[in-house]
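J.: One-letter residues, chain by chain:
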Amino acid sequence: MTAFLEVQGLIAHYGDFKALFGVDLTLHQGQTLAIIGANGAGKTTLMRATTGIAHVTGGSVRLQGRDITRLSAPDILSAGIAMVPEGRRLFPSLTVEENLQIGAHSRKGNGFWTLDRIYGLFPILRERRTHPGTALSGGQQQMVAIGRALMSNPTVLLCDELSLGLAPVVIREIYAAFPTIRDSGTAIIVVEQDIGQALKVADHVHCMMEGRITLSGRPQDLSRAAIHDAYFGVNHA
Amino acid sequence: MIWLDTLVQGMMLGGLYALFAAGLSLVFGIMRLVNLAHGDLIVLGAYLILGIGTATGLNPFVAAALALPLMFALGWVLQTALLNRVLGDDILPPLLVTFGLSVVIQNVLLQGYSADSRKLPVGAIESASMPVGPVTVGVMPLITFGSAILVILALNWLFYHTALGRAFRATSDDPVTAQLMGIRPRRIFAIATGIALVVATIAALYLGARANFDPSIGPARLLYAFEAVIIGGLGSLWGTLAGGMVIGVAQAFGAALNPEWQILAGHIAFVAVLLVRPRGLFPRAND
Numbered sequence: 000m001t002a003f004l005e006v007q008g009l010i011a012h013y014g015d016f017k018a019l020f021g022v023d024l025t026l027h028q029g030q031t032l033a034i035i036g037a038n039g040a041g042k043t044t045l046m047r048a049t050t051g052i053a054h055v056t057g058g059s060v061r062l063q064g065r066d067i068t069r070l071s072a073p074d075i076l077s078a079g080i081a082m083v084p085e086g087r088r089l090f091p092s093l094t095v096e097e098n099l100q101i102g103a104h105s106r107k108g109n110g111f112w113t114l115d116r117i118y119g120l121f122p123i124l125r126e127r128r129t130h131p132g133t134a135l136s137g138g139q140q141q142m143v144a145i146g147r148a149l150m151s152n153p154t155v156l157l158c159d160e161l162s163l164g165l166a167p168v169v170i171r172e173i174y175a176a177f178p179t180i181r182d183s184g185t186a187i188i189v190v191e192q193d194i195g196q197a198l199k200v201a202d203h204v205h206c207m208m209e210g211r212i213t214l215s216g217r218p219q220d221l222s223r224a225a226i227h228d229a230y231f232g233v234n235h236a
Numbered sequence: 000m001i002w003l004d005t006l007v008q009g010m011m012l013g014g015l016y017a018l019f020a021a022g023l024s025l026v027f028g029i030m031r032l033v034n035l036a037h038g039d040l041i042v043l044g045a046y047l048i049l050g051i052g053t054a055t056g057l058n059p060f061v062a063a064a065l066a067l068p069l070m071f072a073l074g075w076v077l078q079t080a081l082l083n084r085v086l087g088d089d090i091l092p093p094l095l096v097t098f099g100l101s102v103v104i105q106n107v108l109l110q111g112y113s114a115d116s117r118k119l120p121v122g123a124i125e126s127a128s129m130p131v132g133p134v135t136v137g138v139m140p141l142i143t144f145g146s147a148i149l150v151i152l153a154l155n156w157l158f159y160h161t162a163l164g165r166a167f168r169a170t171s172d173d174p175v176t177a178q179l180m181g182i183r184p185r186r187i188f189a190i191a192t193g194i195a196l197v198v199a200t201i202a203a204l205y206l207g208a209r210a211n212f213d214p215s216i217g218p219a220r221l222l223y224a225f226e227a228v229i230i231g232g233l234g235s236l237w238g239t240l241a242g243g244m245v246i247g248v249a250q251a252f253g254a255a256l257n258p259e260w261q262i263l264a265g266h267i268a269f270v271a272v273l274l275v276r277p278r279g280l281f282p283r284a285n286d
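Top line first, the protein sequences correspond to chains A and B. Letter 193 of the first sequence, counting from 1, is numbered 192 in numbering that gives the first Met the number 0, and no numbers are missing. Letter 286 of the second sequence, counting from 1, is numbered 285 in numbering that gives the first Met the number 0, and no numbers are missing.
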């Protein structure tokens, strides 16, 4: 398998505060990677650093061999990485359909994902397309946020805390769309606090703590105890 | 009948104030920048139209059409080279910089054109009038008012029916998330300021055709523009037209009672509206 996305020794700071301490990860074509960890573990910072929103102070990010480490967020999107940000962050002045359309703002040419395909993936959005994006329920807003990111036809989709604040039945409904997204050829990274959901959807799991990856492996190879220890930082050694 | 006449004249004048205000409102709406040099940029536009007209012998309307792309370019450069550098969480630096810009523009115009009053020579149309129902309205005020409505229609169309307008609104809502959509906020701001100066140039044409102007009158135009925007409610262009009309009508009635009360009456109307509706007549829900 070719490495789609390669992150090596990534370091990021917020002012003087060091949030990432040399993170390495590799994402292959068609793979779904889950990053789990408690609040403040650096998961969101890793997403923001990868997409050019947070300031990278060391290390590198390569997408299909191309160094994109210090590109601006719009350039990284053009290179093929789209993000569903934490908290969904729909544009309140835009309707559901406009929120989706703006995802394709800098897209050149055609691709797999069109408005019709997004409406096929989340049919409820077609009914709500003239509503303001922020007037929808949390789950529907999350669908808009995912659709908006897909509209750029990314090669890599980053999803930051999709399940945050949503009911379990809604979370299942949203994750049910993932096989279709994966079949479109998009590699996916999900950041989750919901460990169960992350293990169900991913081929590979990284657990983060205090800005470092402390555990990696395939879901079937990791014991609950090992994940528990890595998540909560318990050291039996 | 004289009161009806005064009302109509005031409403027409409100169109001019709405043109002063539309560019200010646009820039504030998209980047939360209060451009204290907006009035002076309008006056600069009037001198540019005058300069083009004098150099080429063209009618001011044609000269204004030539000035539009130049003013767009000026807005682009101004935003890119200066204003983008001072935009941030702190609202004070852009205020200080645009205040300084206002002083610079006034002095450059003084240096170049002296303090003498000028006027744009629009010809016979200036004194032409036509009956509209029971009242007689000047053709120039009517064209001014019509232009204000066209400008607002055009800006609304741009905002709500084009990809650029979508990007304007998204950037205004959340510039960081807009970048994740591939939008470059600084470029969006440069286009917005360019468009604001295009509208300012249209305002300049009617400002210079209607009355005398000199390099010092910018700040007073800024004040009318501010009042129109605030009365209308931030973010609503039709509200801005309504705001301009409130000030225009108040000034017309003030002047009808006593010519000395014209300006004062406009400001009193502004304060009165704020007392009753502190967020303006048509406030945007999420501001």
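One or more hints might be untrue.
To be verified - Label-pair ranges, simulated between beta-carbon atoms:
1) B/Ile90 with A/Arg69: 24 to 32 angstroms
2) A/Pro122 with B/Asp88: 35 to 43 angstroms
3) B/Arg283 with A/Gly195: 36 to 44 angstroms
4) B/Arg185 with A/Gly195: 37 to 45 angstroms
5) A/Glu126 with B/Asn106: 56 to 64 angstroms
6) A/His27 with B/Leu163: 35 to 43 angstroms
7) A/Gly14 with B/Val102: 29 to 37 angstroms
8) B/Arg185 with A/Ser136: 33 to 41 angstroms
9) B/Ile267 with A/Gly39: 31 to 39 angstroms
10) B/Asp88 with A/Ser59: 28 to 36 angstroms
11) A/Gly14 with B/Ser113: 21 to 29 angstroms
12) A/Gly108 with B/Asn211: 25 to 33 angstroms
To be verified - Coverage of chain B stretches by chain A, computed from C-beta distances (three or more under 8 angstroms per stretch; other residues unrestricted):
13) 24-35
14) 166-172
Treat the hints as calculated values from the structure; they're not laboratory data. Note that CB positions come from ideal geometry on N, CA and C, so glycine has one too.
J.: So, against the hints stated earlier in the document, which numbers end up violated here?
T.: 9, 11, 12 and 13
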